[in-house]
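**Student:** Spelled out from the first residue to the last, the chains are:
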Amino acid sequence: MSTASAEPVVIQLRDVYRTYTMGDQVLNALDGVSLDIKQNEYVAVVGSSGSGKSTLMNIFGCLDRASKGSYVLNGTDVGDMSENELAKVRNRQIGFVFQSFNLLSRATALKNVMQPLVYRGIPLAERKEIASLALERVGLGDRMGHLPNELSGGQRQRVAISRALVGNPDILLADEPTGNLDSKTSREIMALIDELHDQGQTIIMVTHEADIAKHCNRVISLEDGKISSDEKQVKSR
Amino acid sequence: MNTFLESLRSALESIRAHGFRSLLTSLGIIIGVTSVIAVVSIVQGMSQSINAQFAGLGSNSLTIRSHTPFKQAMQGNFAKLQDSDMRVINRQVDGISHVTPVLYTNTGNQGAISYRSQSATSNIMGIGPSYLQVNGIYPQSGRFFTRDDENRRRLVCAIGVDIIENLELPKDPIGEFFLIGNNWCKIIGVIEKRGEILGFSQDNFILLPYATARRIMGSTRQDLDIQVQLLVEDMNRMEEVKSRIRRVLRKQHKLKAGQPDDFKVQTAEQLMESFNAIIDTVTAVSAGIVGISLLVGGIGIMNIMLVSVTERTREIGILKALGATRNNILLQFLIEALLLSLLGGLVGVALGYGAGALVAAILPGFPPAFVPLWAVLLSFGFCAAVGVIFGIIPAAKASQLDPIDALRYE
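These protein sequence lines are chains L and X, in that order.
The working numbering numbers the first residue of the first sequence as 5 and each following residue consecutively.
The working numbering numbers the first residue of the second sequence as 2 and each following residue consecutively.
Some hints here could point you the wrong way.
Claimed, not checked - Partial chain X-side listing against chain L, Cβ under 8 Å, derived:
1) N3
2) G176
3) E177
4) G324
5) T326
6) P404
7) L408
In short, the hints are calculated from the structure, not lab data.
Even for Gly, the Cβ is constructed at its ideal location relative to N, Cα and C.
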């Protein structure tokens, strides 16, 4: 585990289990995971399918709760939070980027990016302004009025990244962000994510591609719900 | 308030995005509200015009008619009012200024009339000379019956203005002869136009002297059922006269204490009330039918909303990942159902009023349609209730979705 850096700890997992019961079978998707992630870390979570990396991401993102163990996010234990409080955490502290983009298909790029701000009670005009700026930041200033199906894969993922970042979250969670993209677009998206990291963003990314994991400065490998290795590396681009 | 506005906005967007489906969803509500507003507008229009007409009627007139209590009707004993009853009222009750018998002969072919090649039907009434005073009607041309006409049972009549048109009589029909059944009858007077009640003309009638009417009914039998109309001299003594009539008639009919009356004494006001009772019943029945169709419409909305929730599962998952709370989702879907229902109500009120106005305009003799405010408010209230009641289940289902499952949903 990393030690030397003086950055504050953003995520602290202690002995976290996530247990699924199917009939009389008990399956530990996470089997006693403990880890710390500090601010401005760039973490890749790797592992084979079924290793528990998606479950771990869901727990990070407060979409799921640990069956056992504690998860402290920014100094607050998430375990005792109500459903509504979790929604608030997702809204303010977490930004999601998905493999399949998960844009609202009936909403324009701008409206997609505005959506998280709705739940903060920000007035419409202000929402528009903030969202436009966020879209310009990812280079889509001229695509604001387009529906997702009028955009290319790379553009869609840019909208998704812009939506994830519009509320200035503490952590950007990316689940196979380049999984649905061709190699050229993948490189562009990764360049964008690298840039965000350089600007100070804490990023956790699930991937099974070694190439992508190389961008990160820490790689956590999962196997059968347990951390099998956790290594720091110098990121290569 | 802000959350509410946002939910309203996204609900509106969703309805607009599925325009045609939204229309179909609301169709149940639209049809329900359209039918209630159409019926209510027509019925209330009638009610207004009837009330206006009754208001012009003399309120110091009384009508006595036979009334068979239910038990007696079951046994086949039908009550009757006879000449002798009228005579006894005339003799024994004080405070009456005018009395007239009214004998309706509009049953069977007695109502058939003809002139040259034209034939028609009409209400034929045998009446006494006081009928004019009691009912406040006057001949516009010609004359009315005299006692001599009555005594000699002359075949003379006074007609309502509709008869002129129906039989294509000359403009001035005084002195013309036409057939009532098999009897030639001479027209001696035309009564002033009375207008319409309930869309039915009040001018399609023929007045005969009472004795003549009995004669052409082919009967000298004493058991014909008549009505007695009379004017009370002093309005303030109305109740006194009514109870006196009741006592006299009960004695005349040899009714024992505890037996129900076999007749009814009604004032013009009571007639109006019974008309209004009919109107109210029609309104209530149509409201009931509409209640059912709104229920069906509500189930339709629930159905489509449930489909919509399933269809938008992934969207709900995304919204939850972006920070939507359960309440955000609940409110959004609930408001969508409410809006669909209210929009249906709005369209329904407009269509219903249009339909009512159209029917009233097309059918001759119908008073103009009238939609009272309470009907509109009630419709909207009902729609809102339907929207909330049937929207809550789909909305709750949407809000309870697990974000991970929802995001994984294809």
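**Student:** Compare the structure with each hint and give your call.
**Tutor:** Hints and how they fare:
no.	hint	verdict
1	N3	holds, 5 Å
2	G176	violated, 82 Å
3	E177	violated, 78 Å
4	G324	holds, 2 Å
5	T326	holds, 4 Å
6	P404	holds, 5 Å
7	L408	holds, 7 Å
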